[in-house]
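J.: Chain by chain, the residues:
Protein chains: 2
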Amino acid sequence: MTYGYNGKILRVNLSQGTTSTDALDELFCRKYLGGAGFVSYFLLKELQPGIDPLGPENKLIFALGPVTGVPLPGSGRNCIGAKSPLTGGYAKSEVGGFWGAELKHAGYDAIIVDGKAEKPVYLWIQDGEASIRDASHLWGKNTKETQETIRAELGDNLIRVASIGPGGENLVRFACIMNDLREAAGRGGMGAVMGSKNLKAIAVRGHKEPEVAEPERLKELRQWVLTQGELRPPPYNDLDTWAATTIKDGTATGNIPIRNFQDGEFPEISKISAKAGRDTIRIKMETCYACSFRCKKTVVKVDEPYSVDPAYGAPEYETLAMIGCNCGVSDLKAIAKGNELCNAYSLDTISTGGVIAFAMECFENGLLTTKDTDGIELRFDNAEAMLKIIELIARREGIGNLLAEGTARAAQKIGKGAMEFAMHVKGVEIPAHDPRLKAALGLGYAVDPHGADHVANFHDDFYAQPGAQLDKIKPLGVLEPLPAGELGAHKVGTFRDVYLFRIALDHLLLCILLPYDAKRITDILAAVTGWRTSTYLT
Amino acid sequence: MTYGYNGKILRVNLSQGTTSTDALDELFCRKYLGGAGFVSYFLLKELQPGIDPLGPENKLIFALGPVTGVPLPGSGRNCIGAKSPLTGGYAKSEVGGFWGAELKHAGYDAIIVDGKAEKPVYLWIQDGEASIRDASHLWGKNTKETQETIRAELGDNLIRVASIGPGGENLVRFACIMNDLREAAGRGGMGAVMGSKNLKAIAVRGHKEPEVAEPERLKELRQWVLTQGELRPPPYNDLDTWAATTIKDGTATGNIPIRNFQDGEFPEISKISAKAGRDTIRIKMETCYACSFRCKKTVVKVDEPYSVDPAYGAPEYETLAMIGCNCGVSDLKAIAKGNELCNAYSLDTISTGGVIAFAMECFENGLLTTKDTDGIELRFDNAEAMLKIIELIARREGIGNLLAEGTARAAQKIGKGAMEFAMHVKGVEIPAHDPRLKAALGLGYAVDPHGADHVANFHDDFYAQPGAQLDKIKPLGVLEPLPAGELGAHKVGTFRDVYLFRIALDHLLLCILLPYDAKRITDILAAVTGWRTSTYLT
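These protein sequences, in sequence, are chains A and B. If you read the first sequence in the working numbering, its first letter stands for residue 24, the second for the next number, and so on. If you read the second sequence in the working numbering, its first letter stands for residue 24, the second for the next number, and so on.
Derived from the structure by calculation, the hints contain no laboratory data. From a predicted model like this one, the values you see are computed outputs, not experimental measurements. Note that CB positions come from ideal geometry on N, CA and C, so glycine has one too. Hints should not be assumed to be uniformly reliable.
Claimed, not checked - Taking CB as the label site, the calculated pair distances span:
{"#": "1", "chain 1": "B", "residue 1": "Q246", "chain 2": "A", "residue 2": "Q488", "range": "54 to 62 Å"}
{"#": "2", "chain 1": "B", "residue 1": "K231", "chain 2": "A", "residue 2": "L249", "range": "44 to 52 Å"}
{"#": "3", "chain 1": "B", "residue 1": "G178", "chain 2": "A", "residue 2": "Q488", "range": "50 to 58 Å"}
{"#": "4", "chain 1": "A", "residue 1": "D494", "chain 2": "B", "residue 2": "P238", "range": "21 to 29 Å"}
As the list claims (entries may be wrong) - These stretches of chain B come out as covered by chain A in the derived footprint (C-beta under 8 Å, 3 or more residues):
{"#": "5", "segment": "49-58"}
{"#": "6", "segment": "497-507"}
{"#": "7", "segment": "533-547"}
Unchecked claim - From the derived model, a few chain A residues whose C-beta atoms are all more than 10 Å from chain B:
{"#": "8", "residue": "R53"}
{"#": "9", "residue": "P143"}
{"#": "10", "residue": "W147"}
{"#": "11", "residue": "R228"}
{"#": "12", "residue": "D302"}
{"#": "13", "residue": "Y329"}
{"#": "14", "residue": "V478"}
{"#": "15", "residue": "I535"}
Excised from the complex, chain A in its bound form:
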């Protein structure tokens, strides 16, 4: 097989309880690259039109890229795709951590899960061997209990686990899949698809690093990126993804959503600023596979009034905003607790925060009452209510059963004009970037097949002045800053280019936060595979 790949796809038919292997040839790999490319290829080729996303006919695909698992920062990612129970269309979601790299080391490039197991199972993959194992004892457990139980019964603490908690089991339409407890393949309801198949987890252990075509060249690229750590703004390794936002210095400038995207002002914003996070709930920074950029907060300082388990990490920017100020909540400890709950239950924090904020606005406007909420005063800034609703959603209890359907479906069921308050695109809750500030990003929400996706998108403020972000797209011919508020032909053309660049990262798979520019990704691909490529796109 070609460098960078194992040349193997693991097929798992849960209805029949069988596994098998497909071979991948070099031409296929070069054409579709991996990650999002593999996912969309197999979904397009193998899914019948009209199937129920939560039925056994849907397929759940875990795909790696050529770069996954090679010793280079940003290479720990994998992509997960399926027909989405949230949108009814194509969905894919990328996730970091260590699981993807481990799967590469275990001998596969992708897993295609088909059918539905009769009773709960998990998949165990070790150095090219796969088996389907009983998971009855794991059903109902949160992701940490699941991971710990699997590691204990297989007797290896270095096993990497991708799993769902009760959110996925209960088919919450925006349930996610958790890698290593802290990293979420968040959007589009991949966890619900996993739950619908009675697949609790995929445990992986591998010992073989992929061979690469030009190890010395790869080492050079690694050395280069290692020197970038302290230099580039924003300083993720100090302030994490919170730093990338307008709340860095404790001011709301219009990007972060306030109370279900109603308000621009949030006087309490300094309580949840990047610096406040660093100086209060955080004690250290952690990282993903092979990565020198320590952009992951870990929380351990929280104990009163909530105890927060640091194994689940700390809220990233999206979580902070969506279950925080978008719900009117400015209590960092409550937000850290909400993050823990979502990761334990496998709920996408963006959609969770979005649907709770929607419900709060409905409640404030009398479309929902305490009769609907079993007495919960579901008002903005009620942190306790926010946390309680997360529990109810995960278990589909009371109002949680309605909200587990996602904002768009809930609004339809509530009726009475609730759709006015439903902040979604194509059924996907809008993440914490406001298109009224980022015009081209709004275009991205509109045209992306996944709906409101902030990752494969154009963040206008990144490119409105010279700097590291503009440098990343200079190889695409974008040599001068583009005004943030504008949306003319040149801007839209550039939006397309940047969108495709980011999609390319989802094929390779490389982390979007790292300073790899549109030329360097072809250098990396050449070093790994030996292929000579370009970011040329027609």
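With chain A fixed as given, assemble chain B onto it according to the hints.
T.: The following block gives chain B in isolation, referenced to the frame of chain A:
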């Protein structure tokens, strides 16, 4: 200034007899790169609509690229552009040799020549200084006499000269400009524009190699290309550009034109095959600036019945075909003599061969008679007639005055259905590649603003099977061979990509014959300038 460039354009106003310098900034260089990019930028910005291509308002632009003059094979080229006296539209032509590299070393990135000198002049550029010098004594001389006289009077035998002979002086519409006697900026009549300005030559001497951003990386790339010499088909360094054709083994397969594109069969083809050329008229191979690929034949064996001066090199494939079998001529010695005459007089061998073949077909069909030709039996296979007509065209004497207008204009003047025999696109004689064999190449003839251009074009047979040529465009996503005879949507899309790739080479400027693929050209540009770029094109 940025690496790879001097940051200076020399402006020459011949009407006023003045020179001046414009500064180039980095953003401009990065946007327009050089070569064809600079030429088209300045022509578009500075020429008034409707001007006479042979009037003083036309501008003649000599442009280098970032790669010109750096120590790398293929970097000896320059581009020359102007409004074309042949097409009335935009024209540019690239040329190899040593002159371009010398101009880079002399401190400039381009020369823009405006106006018209009262009497013949030449330009002398030495290490950042430029002067306009009298050339009255050079007028009427051929290119070798011109070069030798200039070198002698300036006292430096290493001066590089771009010049015109009588063809350019006499405004032959397809006159070329000769670098170093052997290399022609052939197409579009740039030599006539030079002649119309009374500019006989540009003599250059420089001593400063351009600084590059990453000398070690450039060295690596040079080392890489040096190892490719013996490997890649076709073996230009053994058989030169003749090898790239279907006559390599002495068979005509439909690409090479026979008797003004009338015939597919030419039994005499083995007399002018690549091997015949190698084994009879050639004695050695020479090369361009910094190039390890010795693809230039030198002829010295010819003395009877013609004496051929080896200083003018030997016919390349286009010359061989156009003044050879396209005129029905299979006498290699006569073809070598014709090549010498064209290079001495600064006539484009393609257009010259094309217009003579056209006249021969007119003669064979009675549209021209010995009355028109002053007694010359202008029939196919009459090598003497072919040589004689070259002389007449250069001097615009007799029938030569008509043919100096180019095929399209001559056909119009002859009338009587002569246009049926006029093998041109947009006024430019069709080169020696037949679109009936190469379908996408024909599309290129049709859509290229220069008319029938075989260089910035798609040669279907290159990409019809795996190999070095296909490898060069793999980075553009062309992973599988494309059938030669086909012209479907995918082929046309690929045609566009390859066309743009070749145009990119004309910006950098890099030789199209070298094995640089669409990724490596960005590696080269990065090593030279430090810029991170891609072949991404929207």
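J.: Take the hints in turn and mark each one as holding or not.
T.: Okay, the hints, checked on the actual structure:
1. B:Q246 x A:Q488: 54 to 62 Å: violated (40 Å)
2. B:K231 x A:L249: 44 to 52 Å: Violated, at about 36 Å.
3. B:G178 x A:Q488: 50 to 58 Å: holds (55 Å)
4. A:D494 x B:P238: 21 to 29 Å: Since A:D494 and B:P238 have Cβ atoms about 22 Å apart, the given range 21 to 29 Å holds.
5. 49-58: Since three or more residues must qualify, the claim that chain A covers the segment 49-58 of chain B holds, with 3 doing so at under 8 Å.
6. 497-507: Result for this restraint: holds, n = 6.
7. 533-547: Coverage by chain A holds here, the residue count being 6 at a Cβ distance below 8 Å.
8. R53: Label violated. Min Cβ-Cβ 6 Å, cutoff 10 Å.
9. P143: Correct as stated: the minimum Cβ-Cβ distance to chain B is 43 Å, above 10 Å.
10. W147: holds (36 Å)
11. R228: It holds; A:R228 is separated from chain B by about 35 Å at its closest Cβ, greater than 10 Å.
12. D302: holds (37 Å)
13. Y329: holds (46 Å)
14. V478: For A:V478, whose nearest Cβ neighbour in chain B is about 20 Å away, the distance exceeds 10 Å, so it holds.
15. I535: holds (17 Å)
When the structure is compared with the earlier hints, violations turn up for hints 1, 2, 8 and for no others.
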